[in-house]
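Student: In order, the protein sequences belong to chains P and U. This note's numbering puts the first residue of the first sequence at 1, with every later residue one more than the last. This note's numbering puts the first residue of the second sequence at 1, with every later residue one more than the last.
Wrong hints could be hidden among the right ones.
Which copy? The list can't say, so a pair holds if one copy fits it or any two copies do.
In the SDA-like style, the derived pairs of lysine to any residue whose C-alpha atoms are separated by at most 25 Å in a straight line are [as the list claims (entries may be wrong)]:
1) Lys42 - Ser307
2) Lys287 - Ala135
3) Lys287 - Pro202
4) Lys287 - Ser188
5) Lys287 - Leu232
6) Lys115 - Arg32
7) Lys287 - Ala60
8) Lys42 - Pro138
9) Lys287 - Asp183
10) Lys42 - His87
11) Lys287 - Arg303
12) Lys42 - Arg281
13) Lys42 - Ala86
14) Lys287 - Ser166
15) Lys287 - Thr268
Keep in mind the hints are simulated off the structure, nothing from the lab.
Each chain, letter by letter, is given below.
Protein chains: 2
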Amino acid sequence: MRATAWSTALSAAMLVALAASAPSAAEAPRPRTMQEVLDASKPSDWRPLDPAHTLYMDLAAGRVVIELAPAFAPLHAANIETLARAHYWDGLAILRVQDDFVAQWGDPEAEHADKRRPLGEARATLPPEFTRTAAGLPFTRLPDGDVYAPEVGFSDGFPAARDPRSGEAWLAHCYSMVGAGRDNDVQSGPGTELYAVIGQAPRQLDRNIAVVGRVVQGMELLAALPRGGGALGFYEQPRQRVPILRVRLAADVPAPQRTNLEVLRTDTATFAALVESRRNRRDDWYKVPAGRIGLCNVPIPVRAAPSR
Amino acid sequence: MRATAWSTALSAAMLVALAASAPSAAEAPRPRTMQEVLDASKPSDWRPLDPAHTLYMDLAAGRVVIELAPAFAPLHAANIETLARAHYWDGLAILRVQDDFVAQWGDPEAEHADKRRPLGEARATLPPEFTRTAAGLPFTRLPDGDVYAPEVGFSDGFPAARDPRSGEAWLAHCYSMVGAGRDNDVQSGPGTELYAVIGQAPRQLDRNIAVVGRVVQGMELLAALPRGGGALGFYEQPRQRVPILRVRLAADVPAPQRTNLEVLRTDTATFAALVESRRNRRDDWYKVPAGRIGLCNVPIPVRAAPSR
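Please construct the entire structure, taking both the sequences and the accompanying hints into account.
Tutor: See below:
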């Protein structure tokens with residue numbers, strides 16, 4: 001847990017051993033660290049974010065980049081995109097930060113019909129998109145099981161779960177996942193109020209709410225916010241709220257102001273090697289490799305897109 | 001995910017139904033919310049923190065209260081108590097805050113033999129206390145399995161795991177757990193440098209490091225700190241570090257300045273009911289109860305000790 005603890009330094013003896021074992025690598029791949037896996041990745045292992053489905057939430061402290069998940073919540077993604085195009089969130093705020101749970105943003109006056117911001121062309125209610133059919137969905141399954149779901153893995157860069165019996169799939173509430181807050185009515189969460197997970201994965205929310213995407217950059221801007229002192233972590237005073245400067249679709253932002261990112265494809269051999277590198281840590285610090293990994297412990301690497 | 005989402009309101013019809021079912025409660029206990037379980041708890045369901053094994057870390061923003069776990073790491077707990085009695089941490093700092101991982105504190109000059117703070121009567125190295133024998137350990141097992149360990153549950157208020165084959169038990173790296181940072185040498189973590197988990201449980205650390213306790217109050221003071229910009233979340237500039245005013249054993253603090261807390265006993269019927277209330281949420285918001293719960297999703301309630 002010191003600086004040296006996480007180095008990937010290899011001793012000379014180990015390097016010799018690795019070189020010697022290279023010819024039989026196909027049968028018994030030598031263990032690699034995550035950094036070695038990423039360093040050996042090919043350009044085709046990465047995919048750019050789609051500007052049509054990427055949100056920028058600009059705060060005074062910096063930009064939060066959210067990749068939307070229209071494959072899981074198409075109506076919500078479309079409604080959120082409509083809201084972003086109408087500049088719905090500009091001047092609204094982060095209202096709630098509950099420790100070990102969520103940061104949540106939206107209209108402070110949402111409960112007051114006479115004061116709340118109009119939704120314009122966006123819809124005020126939406127059918128629940130809490131699960132979808134698993135058929136046709138890419139799914140890279142993890143090998144080590146899960147407490148909450150029969151199967152877990154990754155679907156096009158998002159942590160997901162599925163149930164072979166019901167034929168359903170859903171996004172999992174891991175750290176940095178974004179959902180559409182709702183009231184008790186399942187149709188009451190049209191995406192106007194969004195939250196990001198900032199603590200231990202609250203997987204009990206799975207299948208109860210529309211998960212709409214993932215924060216791929218800027219999580220620390222949300223996770224390090226002061227916790228709210230009110231019930232459920234709501235800020236008690238309006239001045240405590242964190243103003244949102246603007247939320248934009250990346251496609252609507254001029255190219256020079258875009259944050260161009262790539263996500264590691266989760267259906268590649270490189271990602272499989274990354275998962276293995278995290279199931280069994282191979283640096284000098286770890287003495288007992290776990291040999292297993294939980295869904296929400298697998299990093300989904302993001303990097304700046306190479307300039308062209 | 002709004003204020004109403006987490007209410008425990010019961011409809012009149014439900015109250016009637018509950019009253020009607022009361023006589024057969026022993027056979028089929030009616031579902032209760034966590035708040036109802038806690039409201040019905042008895043004084044004997046709670047135990048006070050032991051002042052001899054409780055640390056106060058006072059920051060400018062407030063107090064972090066840590067319950068040590070001598071049952072799992074007796075040498076580390078004793079060494080930490082020796083360090084606290086010597087006021088070792090006074091004027092040292094939080095050095096590292098890595099998003100979704102840990103906040104870590106200690107001596108910024110620990111690597112410089114000529115500048116670092118002397119340890120006094122405390123030991124500079126300790127044998128690893130990464131696991132212990134499971135024999136003789138109280139253990140309230142959870143029913144829903146775990147990705148990382150054969151069995152998980154709670155031992156006297158701490159999340160723990162055990163392996164019937166090896167006969168070993170260990171504390172689990174859930175949110176708010178505190179460990180003793182070390183270098184690659186397994187004896188290099190004597191408790192001078194401590195960390196608390198501030199994100200998704202890094203269970204791969206289990207059995208690789210001495211877990212020494214749990215933050216029972218003040219987690220938000222650590223989890224909301226700015227993340228460090230350096231490698232591994234270390235602060236790059238000394239001025240960014242968060243000063244520690246003092247660390248004291250509760251037993252060494254005059255009674256009026258103590259933070260008197262009680263922890264719900266985890267070997268009680270009340271705790272079992274609490275676990276069940278979290279496996280299957282019963283408020284109006286949840287539509288699909290998970291029916292299961294992960295080790296690090298179970299809250300371990302703490303409350304102010306009633307005045308006597």
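Student: Now look at each hint and say whether the structure bears it out.
Tutor: Right, here's what the structure says about each hint:
In this homomeric assembly, Lys42 and Ser307 come within 25 Å of each other (Cα to Cα) only inside a single copy, at 15 Å, whereas the closest approach across copies is 64 Å. In this assembly of identical chains, Lys287 and Ala135 lie within 25 Å of each other by CA distance solely across copies; the values are 23 Å between and 41 Å within a copy. Only between protomers do Lys287 and Pro202 lie at most 25 Å apart by alpha-carbon distance; the minimum there is 15 Å, versus 30 Å within a single protomer. For the identical chains of this complex, Lys287 and Ser188 are inter-copy neighbours only, at 13 Å across copies versus 49 Å inside a copy, given an alpha-carbon limit of 25 Å.
Taking identical chains as interchangeable, the C-alpha atoms of Lys287 and Leu232 lie at most 25 Å apart only when they sit on different chains, with a minimum of 20 Å there against 40 Å within one chain. In this assembly of identical chains, Lys115 and Arg32 lie within 25 Å of each other by CA distance neither inside one copy nor across copies; the values are 57 Å within and 37 Å between. Taking the shortest alpha-carbon separations for Lys287 and Ala60, neither the intra-copy value of 43 Å nor the inter-copy value of 37 Å comes in at or below 25 Å. When the C-alpha separation of Lys42 and Pro138 is checked against a cutoff of 25 Å, the pair qualifies only within one copy, where the shortest distance is 21 Å, while the shortest distance between copies is 51 Å.
When the C-alpha separation of Lys287 and Asp183 is checked against a cutoff of 25 Å, the pair qualifies only between copies, where the shortest distance is 12 Å, while the shortest distance within a copy is 47 Å. For a Cα distance limit of 25 Å, the shortest separation of Lys42 from His87 qualifies neither inside one copy, at 38 Å, nor across copies, at 53 Å. For the identical chains of this complex, Lys287 and Arg303 are neighbours neither inside a copy (30 Å) nor across copies (37 Å), given an alpha-carbon limit of 25 Å. Taking the shortest Cα distances, Lys42 and Arg281 sit within 25 Å of each other inside one copy (22 Å), while across copies they are farther apart (45 Å).
Proximity of Lys42 to Ala86 under the C-alpha cut-off of 25 Å is found in neither arrangement, the shortest distances being 38 Å within a copy and 54 Å between copies. For the identical chains of this complex, Lys287 and Ser166 are inter-copy neighbours only, at 16 Å across copies versus 41 Å inside a copy, given an alpha-carbon limit of 25 Å. With identical chains, the CA atoms of Lys287 and Thr268 are never at most 25 Å apart, being 29 Å at best within one copy and 35 Å at best between copies.
In summary, the numbered hints that this structure violates are 6, 7, 10, 11, 13, 15.
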